[in-house]
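Going down the list, the sequences are from chains G and F. Residue numbers for the first sequence follow this note's numbering, so the first one is 300 and each next one is one higher. Residue numbers for the second sequence follow this note's numbering, so the first one is 124 and each next one is one higher.
Hints are computed from structural coordinates only; laboratory data are not their basis. Predicted model, so just to flag it, every value in this text is computed and none were measured. Ideal placement from N, C-alpha and C gives every residue a C-beta, glycine not left out. Careful, some of the hints might be misleading.
[Stated by the list, open to error] Below, computed lysine to aspartate or glutamate pairings styled on EDC-like, alpha-carbon distance capped at 16 Å:
#1 G/K463 / F/D190
#2 G/K495 / F/D373
#3 G/K498 / F/E367
#4 G/K502 / G/D309
#5 F/K245 / F/D190
#6 G/K498 / F/E369
#7 G/K498 / F/D366
#8 G/K498 / F/D373
#9 G/K494 / F/E349
#10 G/K494 / F/D190
#11 G/K498 / F/E376
#12 G/K405 / G/E353
#13 G/K521 / G/E353
[Said to hold, decoys possible] Beyond 12 Å from chain F on every Cβ pair, some chain G residues (computed):
#14 K307
#15 R312
#16 R331
#17 D334
#18 R376
#19 E385
#20 V389
#21 K405
#22 G437
#23 E469
#24 K516
#25 L519
#26 R520
#27 K521
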Amino acid sequence: MTRIDGRKFDELREIEAKVGILKNANGSAYFRLGDSIAIAGVFGPRTVHPKHEEKAETAILRTDYRMSPFATVTRNRPGPGRREREISLVTREALTPVLFLEEYPKTAIDVHIEILQASASTRCVGINAASLALADAGIPMRDLVASCSAGIVNKEIVLDIAGKEDTEGEVDLPIAYYPRHKKITLLQMDGIATKKQVKEIIKLAVKGALEIYEVQKQALRKKYEEVK
Amino acid sequence: MISIDKDLIKNIVSNGKRLDNREFDQYRDIIIETNVIPQAEGSARVKIGDTEVIAGVKLDLGEPFPDSGDEGMLMVGAEFVPLASEEFEAGPPSESSIELARVVDRAIRESKCIDMKKLCIKEGEKVWCVFVDIDVIDHDGNLIDASALASVAALMNTKMLKLEKDGENYKVNYEEKTDEPLPLLKKPVNTTFVKIGNAILADPTVQEEDTMDARLTVGTFEEDGEIKLCSMQKGGSEGFTIDEIEKIIDLAEIKGKEIREKL
Numbered sequence: 300m301t302r303i304d305g306r307k308f309d310e311l312r313e314i315e316a317k318v319g320i321l322k323n324a325n326g327s328a329y330f331r332l333g334d335s336i337a338i339a340g341v342f343g344p345r346t347v348h349p350k351h352e353e354k355a356e357t358a359i360l361r362t363d364y365r366m367s368p369f370a371t372v373t374r375n376r377p378g379p380g381r382r383e384r385e386i387s388l389v390t391r392e393a394l395t396p397v398l399f400l401e402e403y404p405k406t407a408i409d410v411h412i413e414i415l416q417a418s419a420s421t422r423c424v425g426i427n428a429a430s431l432a433l434a435d436a437g438i439p440m441r442d443l444v445a446s447c448s449a450g451i452v453n454k455e456i457v458l459d460i461a462g463k464e465d466t467e468g469e470v471d472l473p474i475a476y477y478p479r480h481k482k483i484t485l486l487q488m489d490g491i492a493t494k495k496q497v498k499e500i501i502k503l504a505v506k507g508a509l510e511i512y513e514v515q516k517q518a519l520r521k522k523y524e525e526v527k
Numbered sequence: 124m125i126s127i128d129k130d131l132i133k134n135i136v137s138n139g140k141r142l143d144n145r146e147f148d149q150y151r152d153i154i155i156e157t158n159v160i161p162q163a164e165g166s167a168r169v170k171i172g173d174t175e176v177i178a179g180v181k182l183d184l185g186e187p188f189p190d191s192g193d194e195g196m197l198m199v200g201a202e203f204v205p206l207a208s209e210e211f212e213a214g215p216p217s218e219s220s221i222e223l224a225r226v227v228d229r230a231i232r233e234s235k236c237i238d239m240k241k242l243c244i245k246e247g248e249k250v251w252c253v254f255v256d257i258d259v260i261d262h263d264g265n266l267i268d269a270s271a272l273a274s275v276a277a278l279m280n281t282k283m284l285k286l287e288k289d290g291e292n293y294k295v296n297y298e299e300k301t302d303e304p305l306p307l308l309k310k311p312v313n314t315t316f317v318k319i320g321n322a323i324l325a326d327p328t329v330q331e332e333d334t335m336d337a338r339l340t341v342g343t344f345e346e347d348g349e350i351k352l353c354s355m356q357k358g359g360s361e362g363f364t365i366d367e368i369e370k371i372i373d374l375a376e377i378k379g380k381e382i383r384e385k386l
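Go ahead and model the full structure; you've got the sequences and the hints to work with.
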């Protein structure tokens, strides 16, 4: 028994990760999971504009998830809609736990995520790129955040739902995870499942996130090997 | 909230208590009133402790989405009315009000609460659109559960409008409600829990939300005598361990059942 694209139930799509891909951003990364592609750029810690958003005791983290009009099968209307704003919010909450925001009062760290091609799990791909871009910017972090989804397709519990499976999928459950504290920092779900299934799906998604985490670490190391 | 309050809440919780003397898994009193806005097609007011929200349902005709031409449409909106809290400001919808509306939408949509196929009038051309709008009137925490409850109660109390055919065209008579209820199949309920230190608390107050490390909302409904999950949303700037999430899912099953009985 295999899936539409021939993968095993617990197999991720092909992963590609690179850091330092942009000149202007303080840190940047490219992350691809199958046909879903994200790039992320980080600016900061820097002065806060507008001023009234500044916080005396901590840095603020601002995340901005957006999707290119050409990223989807039918053209996607540009600009952030309600979906994009919700994803920006959960992305910020997924990344906040690993940052030391209190060490940089009165500053802003801006994370921009651009989805260049969408084939499911774009929020996960965006978080993976953002986490790498933050590390690439040299911003101190407790750990990298790795994100991945699992769910149910044709009654089977599967890892990393791909574009084609997404529309037929019964359940989609994205998570973000940081292994050092074994904490889940993003968790969403839609679709119908029993309690037992949900618990199993979460464990499978964590397993997938751990595989992504290894690829992220390699991508960071690679940049410095090249410097040598 | 000033930080001394947060320390106070953390301290009380770490000693196994809550400021309002509730048990950790205990909800505040829930009051549901329906048909509070007679001019809406359906409506409900829900109070959970001092939190108060009103949900109203309006119906209209529309063109279906191309990929679901034989199904009606659902739109959920939420408004944080500035009179509800000193934290709320007038203006375009905030991030949290968008999240609130989307989390409520997800529970209703994913549980297949509304029989969307029955809302199709002419395939690919005309379907009923169901607009659920939530007004937050008074904010003392746990807006997600109150809003979901009010929305489902309002849907349950919705009466279809009269449809008139004028030649080939369909027209709605907005003045006239029929006795026909909106076709519903399920009763989804959202249950929200927050983590403060090592404790998991159900139905957080606004002070507990300001103090929380993280939040998890679980949508549940009953199908063939079994409780199933239909949606989840984690919030807050800290994470959960797998064990904590499993504990919350177990609690959501029990609490969701309790709340569903009130509908």
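Right, here's what the structure says about each hint:
Taking the CA atoms of G/K463 and F/D190, the gap is about 14 Å. The hint holds against a cut of 16 Å. For the suggested pair G/K495 and F/D373, the alpha carbons sit about 10 Å apart, so the restraint of at most 16 Å is met. For the proposed pair G/K498 and F/E367, the alpha carbon gap of about 11 Å is at most 16 Å, so the pair holds. Taking the CA atoms of G/K502 and G/D309, the gap is about 11 Å. The hint holds against a cut of 16 Å.
Using a Cα cut-off of 16 Å, the hinted pair F/K245 and F/D190 holds, with the two alpha carbons roughly 15 Å apart. Our distance criterion of 16 Å between C-alpha atoms is met by G/K498 and F/E369, whose separation comes to about 7 Å. The hinted pair formed by G/K498 and F/D366 meets the criterion: a straight-line CA distance of about 10 Å does not exceed 16 Å. For the hint linking G/K498 to F/D373, the alpha-carbon distance of about 10 Å falls within 16 Å, and the restraint holds.
Restraint check for G/K494 and F/E349: satisfied, since their Cα atoms lie roughly 10 Å apart, inside the 16 Å limit. For the hint pairing G/K494 with F/D190, the CA-to-CA distance comes to about 30 Å; that exceeds 16 Å, so the pair is violated. A C-alpha spacing of about 13 Å is found between G/K498 and F/E376, which places the hinted pair at or below 16 Å, so the restraint holds. Pair hint G/K405 plus G/E353 holds up; C-alpha atoms about 5 Å apart against a cutoff of 16 Å.
Between G/K521 and G/E353 the alpha-carbon distance is near 36 Å, which puts this suggested pair outside the 16 Å criterion. With a cut of 12 Å on Cβ distances, G/K307 stays outside the contact zone with chain F, its closest approach being about 23 Å. Non-interface status of G/R312 relative to chain F is upheld: no Cβ of that chain comes within 12 Å, the nearest being about 23 Å off. With a closest Cβ-Cβ approach of about 25 Å to chain F, G/R331 is found to remain outside the 12 Å limit, as its non-interface label requires.
The claim that G/D334 is not at the interface with chain F holds, since no C-beta of that chain comes within 12 Å of its own (minimum 19 Å). Every C-beta of chain F lies more than 12 Å from that of G/R376, the closest at about 14 Å, which supports listing it as non-interface. Its closest Cβ contact with chain F, about 5 Å, brings G/E385 to no more than 12 Å, contrary to its assignment away from the interface. Its beta-carbon lying about 7 Å from the closest one in chain F, G/V389 breaks the requirement of being farther than 12 Å from that chain.
Every CB of chain F is more than 12 Å from the CB of G/K405 (nearest about 18 Å), matching its label as outside the interface. A cut-off of 12 Å between C-beta atoms confirms that G/G437 is not in contact with chain F; the least separation is 22 Å. Annotated as non-interface, G/E469 brings its C-beta within 12 Å of a C-beta of chain F; the closest such distance is 10 Å. For G/K516, the condition that its CB be more than 12 Å from all CB atoms of chain F holds, with the nearest at approximately 19 Å.
G/L519, annotated as away from the interface, keeps every beta carbon of chain F farther than 12 Å; the closest lies near 21 Å. For G/R520, the shortest C-beta to C-beta distance to chain F comes to about 25 Å, beyond the 12 Å cut-off, and the non-interface label holds. With 12 Å as the threshold on Cβ separation, the claim that G/K521 sits away from chain F holds: the shortest Cβ distance comes to roughly 28 Å.
Of the numbered hints given earlier, the model fails hints 10, 13, 19, 20 and 23; all others are met.
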